[in-house]
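Participant: Sequence:
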Amino acid sequence: MSRLSCLALGAALFCGLSFAQTESGQPLPVVNVGFYEFPPYTYSAADGTPEGSALRLTERLLKHAGYHPVFRSLPGARLYAGLRDGSVHLWPGAPGKEELKGHTLESRSVLGEFDLALYFRRDTLLPRLPEDLGGRGIILISGYSYWKPYSDWLSDPALNIEQHRTSSHTSALEMLQRHRGDFLLDYVTPVEQARQRLGMAELPYVVLHRLRSKLIVSRRAPDAQKLLDALDGAYEELEAQGEDLRLP
1 MSRLSCLALG
11 AALFCGLSFA
21 QTESGQPLPV
31 VNVGFYEFPP
41 YTYSAADGTP
51 EGSALRLTER
61 LLKHAGYHPV
71 FRSLPGARLY
81 AGLRDGSVHL
91 WPGAPGKEEL
101 KGHTLESRSV
111 LGEFDLALYF
121 RRDTLLPRLP
131 EDLGGRGIIL
141 ISGYSYWKPY
151 SDWLSDPALN
161 IEQHRTSSHT
171 SALEMLQRHR
181 GDFLLDYVTP
191 VEQARQRLGM
201 AELPYVVLHR
211 LRSKLIVSRR
221 APDAQKLLDA
231 LDGAYEELEA
241 QGEDLRLP
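Sequential numbering of the sequence shown, starting at 1, is according to the working numbering.
For the record, the hints were derived by calculation from the structure and aren't laboratory data.
Values in this document were obtained by computation on a predicted structure and should not be read as measured data.
Just so it is clear, CB atoms sit at the ideal spot from N, CA and C, and this is done for glycine as well.
Hints should not be assumed to be uniformly reliable.
To be verified - Estimated spans, in silico, between C-beta atoms of each pair: (1) Q193 to A158: 32 to 42 Å; (2) P75 to P248: 40 to 50 Å; (3) P204 to K226: 44 to 54 Å; (4) L28 to H179: 48 to 58 Å.
Put together the whole structure using the sequences plus the hints.
Facilitator: Here it is in structure tokens:
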């Protein structure tokens, strides 16, 4: 797999061109792919290059379908805004987001499954949910949005939860370890990867929600339904050829 395509732009749009040329001079429609930092699936390497298994799979599907992908990392709120206004054409992410209701189309193809979990220290008893969260501190990742009813718990005045936000899974674990929060609400795979990097012992957790990752296309993308159909077709063709496309 070649390095993922990206453009360093400060403008709202990824690029001013709607077509790219292959080495043979064949024009290919450009698809602006947005993502946020969700290692090991979608993330930026130290030099800013887009990386991750979900981005590599997205590139594979787009190229097989005859499109040229351009990738850009965005904070969650800007990613959702781009999908609503059409400046972001595609997001390999989670279906069913309230912020995107009525603004996007979702693929038939499922890229993988991810668990949202509540982590806690070994000195903390298994919590009864949500009552044992009352008056406690929960560590959250900045830029992430969470699913109902968990997002409702966070804002429930009766629970009076204190929110502590940080920018990375590694720092979130360090905060939990240093008692700068009582619980961590985060996704299992990136947390476990960060925990192993830190050399930290396993932590207890409760799985709250299992979500399926799909290809999310903005309804305002050029020929949105055609793009989605082409991606679903590419997935089915490659799968029929024996390729294992599901993310671990």
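Participant: Against the structure shown, which of the earlier numbered hints fail to hold, in ascending order?
Facilitator: 2
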